[in-house]
Amino acid sequence: MWDTPITSRGLVVYLYRISEEIRYSVHFKNERLGEEALSAKQILQRFLQIIVVLLGISFLTFMLTYLAPGDPVRTMYSAAGTIPTEEVLNERREELGLNDPILVQYGRWLGNCLQGDFGTSYSTKKPVGQLLSARLWPTVKLALLSLVLMLIVSVPLGMLSAVYQNKPIDYIVRGFTFIGVSMPNFWVGLLLLYVVCLQWGLLPVVSTGTGFQKIILPAITLAFAMASKYTRQVRTAVLEELHQDYVIGARARGSNEREILWKQVFPNSLLPLITMLGLSLGSLLGGTAVVEVIFGYQGLGNLAVSAITKYDYNLIQGYVLWVALIYMVLNLLVDLSYYFVDPRIRLKK
Amino acid sequence: MQKFMGFVKKNKQFTIFAFLALILVLIAILAPVITSQDPYATSLGDALQAPSAEHWFGTDKLGRDIFTRIIYGSRLSLTSSLILVAIIFVIGSLLGVLAGYFGGIVDTVIMRISDMMISFPGMVLAIAVAGILGASIINAVIAIAIVSWTKYARMARSLVLKIRHVDYVYAAVVTGSKDVSILRKYMIPNILPTMVITAATDIGSMMLELAGLSFLGFGAQPPAPEWGLMLNEGRSYMQYAPWMMLFPGLAILITVVIFNLLGDSLRDVLDVREE
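Protein chains in written order, with my numbering: chain A, 16 to 364; chain B, 7 to 281.
Hints should not be assumed to be uniformly reliable.
Coverage of chain B stretches by chain A, computed from C-beta distances (three or more under 8 Å per stretch; other residues unrestricted) [what the hints assert, rightly or not]:
1. 88-99
2. 130-137
3. 218-225
4. 236-246
Since the hints were made in silico from the structure, they are not lab data. C-beta atoms are modelled at their ideal positions from N, C-alpha and C, and glycine is treated no differently.
Construct the complete structure from the given sequences, taking the supplied hints into account.
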């Protein structure tokens, strides 16, 4: 039924996310048992898949920028404040290789990329690789901090809400998460900016650099929406485990609740939670763009948005490719982590 | 009528949220009745006025009435997100059903493309697509559709696979039913409830993504009264006119909450398996 690990995992995760309901997960748990184990062959397969997907994505981005309206050469000159003749424009296009057939251009670009040369940014005249790597760390830092914030908030809240299911505390948590999920993250960012910087004057509105003062508000903004979603998922996963027979058995034997919760229920609900963490990385990487723009945080997303407004195709391509690569590596790590979390996989051989 | 009242009684939650959603739709349709002002009419003399009896939500930098713009903005937000969900629902489900039912090369091609999309942060590609196609609300819809249909394709495919090999489908094949009629009689009715629930719960998040693209400047363009765009305009005037960013955000929040609740309660109505 399942042809590749990535397909089946994606499916499990999607149904999880959509339904967040117990009735599905019981079914999928049985499915999962058989096929999540990653053998060396499967890891190799995953690497091959990554390469195929990267090729596809690179071609897609390349095609998009190729078909895009707006002439980069013309933009380049008008940015410099000169009005060039058609002859000059053509000469420049020839020099940049923009007159060659598309497949030739793609092949040349891809060959260069493989050697670490992502071309030169049209708007800044600097190598794309250099521009991107300068912005990589700030964005990773932002993503990691918000991930930590999110976990600190949502794991305890989700467990609390599951343990006290249908009690007042559960309703309160669920109410908050519901509003959190429905709030646009850019609005959360603006409100934070308004309250913390303008009303309370705790932090400077405009500051350069990527220090703590600059990173904390974007991180909270990013964590806010993710935490709402994740709290619900933690709740669902823990609830599902709480309804298993072994919990009833443990209670019957007289184990205390705390021990059951931390020694049995929590480790067992880790697997779906890690899967969902892997998926939220995607929205995290995309979400940084919006948040970085609001706070003027100098990260990858901010760079990409300004590149798009300037028709800086090389930079856009580089950005899309980099983010895809980061995302896939992270997901591979998530897959590998099953091996450590799930003894059924580790001990199977 | 009796039947209707019975339905209402049985599904109180759903009825309430459906009613609220209906009100939103009515607000959009009846915008000119609700407010007599013009969402595009600028009046620089009235710029950046605080909320008052005359301008309930204040005015923006060009002196346009924010209340009026928010009311008219519901038209753009509702139509664009409903169209977006309809597009991905139809395309995704169709491709998923085909992939699941026919298998083989059809399945491989569709699922590889969808693998490619899933191995990729959606918003990043949407930003790139929207930015490259050029900024407009239609392109924003296309951009999000390109990255979102795969979810429906995967779901439809898995649901079809689940019933592909049950006896009544084999019986239909053996008795000589055509593919089209098997799809229509067995596959589609079987998968439809789950797919509709998914689509309904997605309306809210699609609205958020569209507003996000507009906020970045890759969606609706000025002077359109679009909530995400209005928030972006309000950003620069935050210090002097916080109402410019408060009310459009509230409008988004309320609308998304209503549609999310509607989607959740629809699940209880349509999901017969629970009983």
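Results for each hint:
no. : hint    : verdict
1   : 88-99   : violated (count 0)
2   : 130-137 : holds (count 7)
3   : 218-225 : holds (count 5)
4   : 236-246 : holds (count 5)
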